[in-house]
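Undergrad: Sequence:
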Amino acid sequence: MSDFEFPEAPADNPLAAGDQHAILNQIGAAVMFTDADERIVWTNDAFTRLTGYRPEEIVGQTPKILASGRQSAIFYTRMWQALDSTGHWEGEIWNRRKNGEIYPEWLIINRCDDAAGDLSGYVATFSDISKLKHAESEVQHLAFYDPLTALPNRRLLRDRLQQACMVGKRRGEHGALLIIDIDNFKILNDTLGHDIGDHLLIEIACRLRQCIRQCDTAARQGGDEFAVMLEDLDPHPQSAAVSAGAIAEKIREVLSHPVPLAEGHEHYCTASIGVTLFRGREKSVDTLLKQADIAMYKAKEAGRNATRFFDQAMQTTLDHRAGLEAGLRHALARDEFVLYAQPQVNAEGALSGAELLLRWQPPDRPLVLPNDFIPLAEESGLIVPIGLWVLHSACATLRRWAADPRRAGLALAVNVSARQFRQPDFVEQVAGALARHGIAPQRLKLELTESLLLDKVDEVVAKMRALHALGVRFSLDDFGTGYASLAYLKRFPFEQLKIDRSFIRDITSDPDDAAIVRAIVAMGDALRLDVVAEGVENEAQYAYLTEHGCRAFQGYLFGRPVPLTDFEAAP
Numbered sequence: 023m024s025d026f027e028f029p030e031a032p033a034d035n036p037l038a039a040g041d042q043h044a045i046l047n048q049i050g051a052a053v054m055f056t057d058a059d060e061r062i063v064w065t066n067d068a069f070t071r072l073t074g075y076r077p078e079e080i081v082g083q084t085p086k087i088l089a090s091g092r093q094s095a096i097f098y099t100r101m102w103q104a105l106d107s108t109g110h111w112e113g114e115i116w117n118r119r120k121n122g123e124i125y126p127e128w129l130i131i132n133r134c135d136d137a138a139g140d141l142s143g144y145v146a147t148f149s150d151i152s153k154l155k156h157a158e159s160e161v162q163h164l165a166f167y168d169p170l171t172a173l174p175n176r177r178l179l180r181d182r183l184q185q186a187c188m189v190g191k192r193r194g195e196h197g198a199l200l201i202i203d204i205d206n207f208k209i210l211n212d213t214l215g216h217d218i219g220d221h222l223l224i225e226i227a228c229r230l231r232q233c234i235r236q237c238d239t240a241a242r243q244g245g246d247e248f249a250v251m252l253e254d255l256d257p258h259p260q261s262a263a264v265s266a267g268a269i270a271e272k273i274r275e276v277l278s279h280p281v282p283l284a285e286g287h288e289h290y291c292t293a294s295i296g297v298t299l300f301r302g303r304e305k306s307v308d309t310l311l312k313q314a315d316i317a318m319y320k321a322k323e324a325g326r327n328a329t330r331f332f333d334q335a336m337q338t339t340l341d342h343r344a345g346l347e348a349g350l351r352h353a354l355a356r357d358e359f360v361l362y363a364q365p366q367v368n369a370e371g372a373l374s375g376a377e378l379l380l381r382w383q384p385p386d387r388p389l390v391l392p393n394d395f396i397p398l399a400e401e402s403g404l405i406v407p408i409g410l411w412v413l414h415s416a417c418a419t420l421r422r423w424a425a426d427p428r429r430a431g432l433a434l435a436v437n438v439s440a441r442q443f444r445q446p447d448f449v450e451q452v453a454g455a456l457a458r459h460g461i462a463p464q465r466l467k468l469e470l471t472e473s474l475l476l477d478k479v480d481e482v483v484a485k486m487r488a489l490h491a492l493g494v495r496f497s498l499d500d501f502g503t504g505y506a507s508l509a510y511l512k513r514f515p516f517e518q519l520k521i522d523r524s525f526i527r528d529i530t531s532d533p534d535d536a537a538i539v540r541a542i543v544a545m546g547d548a549l550r551l552d553v554v555a556e557g558v559e560n561e562a563q564y565a566y567l568t569e570h571g572c573r574a575f576q577g578y579l580f581g582r583p584v585p586l587t588d589f590e591a592a593p
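First residue of the sequence shown: 23, per this note's numbering; consecutive thereafter.
Derived from the structure by calculation, the hints contain no laboratory data. Please note: incorrect hints may appear among the correct ones.
[To be verified] The calculated DSBU-like cross-link candidates involving lysine-lysine, where the alpha carbons are at most 35 Å apart (straight line), are:
#1 K305 to K322
#2 K155 to K86
#3 K208 to K153
#4 K191 to K478
#5 K155 to K120
#6 K153 to K120
#7 K120 to K208
#8 K208 to K312
#9 K478 to K512
#10 K86 to K153
#11 K320 to K512
#12 K485 to K272
#13 K208 to K191
#14 K86 to K208
#15 K191 to K272
#16 K478 to K272
#17 K208 to K305
#18 K320 to K305
#19 K155 to K208
#20 K322 to K191
#21 K86 to K191
#22 K320 to K153
#23 K312 to K322
#24 K322 to K272
#25 K272 to K320
#26 K191 to K120
#27 K191 to K153
Predicted model only: the values in this text are computed from it and were never measured.
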């Protein structure tokens with residue numbers, strides 16, 4: 023600004039104002055003067071080069087024109103507190119150039135007073151520190167990340183393990199550390215060269231990222247050894263071990279897929295994985311790394327391409343699970359599934375239908391109950407073909423019943439898993455089963471759990487309405503244990519609610535359970551929904567439920583689950 027004047031120089035200062043302008047225009051840092059009202063009155067040439075604003079565009083404005091919006095109100099409050107108390111502030115700040123680009127700068131502000139000691143304005147100097155920030159970022163990346171795979175390195179893994187232990191202690195959740203060693207990597211490296219070996223390591227890193235959640239960490243320990251840290255698995259060690267084992271097996275399976283190499287070649291990779299659990303700070307980071315390493319060597323001793331736990335009890339759990347899954351994969355083809363039926367009765371105790379229940383009978387082994395294999399079938403995806411087999415079996419059963427005057431009017435309920443229901447062609451599968459067996463759709467009742475209603479609601483509603491239009495009926499299973507609300511019940515075309523057995527068990531002795539059951543029955547009546555009480559085991563429970571308006575029942579009092587053939591043979 024041409025009429026701006028610097029404070030009058032002392033008599034012994036040979037520099038005039040013009041000389042001061044010239045000097046300030048020679049320095050590399052941006053300089054900005056404001057008056058007492060914070061209006062910009064002069065800037066140097068470096069200011070224009072840095073911000074893009076020429077003097078005629080900026081003079082008369084306030085420094086707010088440069089604000090990036092990244093700093094909070096608290097940031098500026100503290101800045102002005104420092105200026106008011108000391109007359110000086112300096113620090114890192116983000117500002118905006120004329121072209122809209124946001125950049126980091128180091129800013130120094132000093133208060134200017136006149137001869138009487140009153141505020142006359144402020145002078146600010148600042149410089150672009152983008153290169154410095156980038157260099158700091160590069161240094162940090164080199165310090166904490168593996169340069170080949172871009173995964174966290176051993177140093178960062180240790181830091182995150184330390185943090186995970188502290189968080190796990192607060193939340194009470196178990197985590198797991200997996201050490202993953204690539205089998206026979208040295209042979210590949212020695213025979214095909216380090217370039218091919220590096221290509222394989224990069225591919226392994228990519229696959230590890232795909233196998234874990236966002237909250238987990240995949241790291242490269244060095245050489246051909248990787249690590250994965252899993253957080254928030256489960257408060258119970260056995261459940262956490264099952265989850266960690268499932269992820270380890272997923273990693274092992276994904277790493278076994280062929281890796282394309284140069285000139286059309288492929289490499290089949292296997293891995294030995296060691297696993298140890300942690301919760302809180304019961305074990306040091308060094309101890310965890312040592313335990314997982316020991317478990318990894320156990321996997322190598324077992325013949326490589328295996329997963330082993332440091333804790334033998336957890337290893338037993340994993341082996342049992344692996345055995346179950348291996349048998350489950352062949353159970354359908356080997357015709358090992360058995361259908362059971364449990365009667366459902368009305369208020370008069372007359373048979374009104376049955377629930378179809380699935381059991382697994384492996385050869386030369388005891389009968390396996392649903393709680394022991396259904397979760398595994400869900401996780402592995404086997405529940406989809408198994409569920410389709412149950413659906414067709416139910417329709418075939420209803421076809422037989424239609425020819426039997428004693429059972430022609432009975433309904434048959436079938437449990438449908440969330441994974442099965444979410445198959446894109448589920449509606450077509452049900453419609454195809456109905457058409458193939460030629461049954462009355464009204465006799466088929468699909469039981470859904472509340473968890474299914476919480477995700478992709480519009481899609482769920484559309485499928486239910488499409489099936490409802492065919493005549494299929496729906497029952498909401500285990501009601502009261504999840505999150506279903508009146509809004510959900512109004513939106514979904516359910517005909518029936520099933521009160522979970524956990525509320526029925528103590529209905530005659532626990533006032534809270536009794537109140538919940540009465541409320542569910544009343545709500546069902548208000549919404550014109552049938553209410554079925556599950557788990558009715560004695561006359562006292564039956565009498566209480568009948569007295570308070572429940573009109574449908576299922577439980578040991580009326581019949582235990584029996585093989586479907588026995589149910590059909592009963593008079």
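Undergrad: If any of the earlier hints don't hold here, list their numbers in rising order.
TA: 3, 7, 11, 13, 14, 19, 21, 22, 26 and 27
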